[in-house]
Amino acid sequence: MTTLTLVQNAGIAIDQAITLIISENRIDEAVEKLNEAKVCTMKMEQMINPPEPEPKPEEKRTLRKEVCDAFGIPEENLFIKSRKREIVNARQVYTYLVYTTPIKNEDPVQHAKRTSPVCLGKHIGKDHATVYHYENKVPDYYDTEVNIRTLVDRLRGELIDRKLDMPQL
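The working numbering applies: residue 441 is where the sequence shown begins, and numbers increase by one.
Source of the hints: derived by calculation from the structure; they are not laboratory data.
A couple of the hints might just be wrong.
Listed next, the in silico DSSO-like pairs over lysine-lysine satisfying Cα-Cα at most 27 Å (straight line) [what the hints assert, rightly or not]: (1) K566 - K553; (2) K500 - K603; (3) K524 - K505; (4) K505 - K562.
Label pairs and their calculated CB-CB ranges [to be verified]: (5) P542 - M482: 17 to 25 Å; (6) K562 - V479: 57 to 65 Å; (7) E492 - C559: 43 to 51 Å; (8) Q486 - D605: 36 to 44 Å; (9) K544 - K500: 14 to 22 Å; (10) I543 - E485: 27 to 35 Å; (11) C559 - M482: 55 to 63 Å; (12) H573 - L609: 15 to 23 Å; (13) P542 - Q486: 51 to 59 Å; (14) R589 - E485: 55 to 63 Å; (15) D583 - D547: 44 to 52 Å; (16) V479 - D547: 49 to 57 Å.
C-beta atoms are modelled at their ideal positions from N, C-alpha and C, and glycine is treated no differently.
Let the sequences and hints guide you as you build the complete structure.
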């Protein structure tokens, strides 16, 4: 029987067991026992003071994500070729807000791209005439549909206050 087995059976404290093992020149067993004690101590500390979960990095809020969430469609469907009402309305509101919302201290190059019907049309996968159509269509919805009015007002305010990221064209 090894010294370690005798120590375990006798119920000797860890520090006494380590001293006994070292005295018999069994350094490997002593180091192993120390490591066991260290692991045991660490586990007890974790049980007493559990580590705090790391906070998730806050996702950037983008206009695209907010519009898609409001209309209940996946982001990847915003610019697909579809005539479903919820997709078309989401695309119209998104384009209208990008095209018409004034942003303070905006980069002049970005402003020129954002307010260019050709550039914006390419961004949404349509042509410039579609951008003009959306610019005229959304105010009609704004006047007749309360939920569209509320959404446009809220998102425009968040864009102006820079709480939402404007897309980079």
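Okay, the hints, checked on the actual structure:
Distance hint between K566 and K553 is fulfilled; the C-alpha atoms sit about 15 Å from each other, no more than 27 Å. Between the alpha carbons of K500 and K603 the distance comes to roughly 9 Å, so the proposed pair stays at or under 27 Å and holds. Proximity of K524 to K505 is assessed by CA-CA distance (about 18 Å); at most 27 Å being required, the pair is judged to hold. A hinted pair counts as satisfied when its Cα atoms are at most 27 Å apart, and K505 with K562 qualifies at roughly 19 Å.
For P542 and M482, the Cβ-Cβ distance of about 57 Å falls outside the hinted range of 17 to 25 Å, so the restraint is violated. For K562 and V479, the hinted distance range of 57 to 65 Å is satisfied, since their beta carbons lie about 60 Å from each other. In this structure, E492 and C559 meet the distance hint of 43 to 51 Å, their C-beta atoms being roughly 46 Å apart. A beta carbon spacing of about 39 Å between Q486 and D605 agrees with the range 36 to 44 Å that was offered as a hint.
Between K544 and K500, the C-beta spacing of about 19 Å keeps the proposed range 14 to 22 Å intact. Restraint check, I543 to E485: a C-beta distance of roughly 51 Å breaks the suggested window 27 to 35 Å. Distance hint check: the CB atoms of C559 and M482 are about 58 Å apart, consistent with the given range 55 to 63 Å. Judged by the Cβ atoms, the range 15 to 23 Å given for H573 and L609 holds: they are separated by roughly 19 Å.
Judged by the Cβ atoms, the range 51 to 59 Å given for P542 and Q486 holds: they are separated by roughly 53 Å. The hinted range of 55 to 63 Å is satisfied by R589 and E485, whose Cβ atoms lie roughly 57 Å apart. Checking the proposed 44 to 52 Å range against D583 and D547 shows it is violated: the Cβ atoms sit about 33 Å from each other. Checked against the hint of 49 to 57 Å, the C-beta distance between V479 and D547 comes to roughly 56 Å, which is consistent with it.
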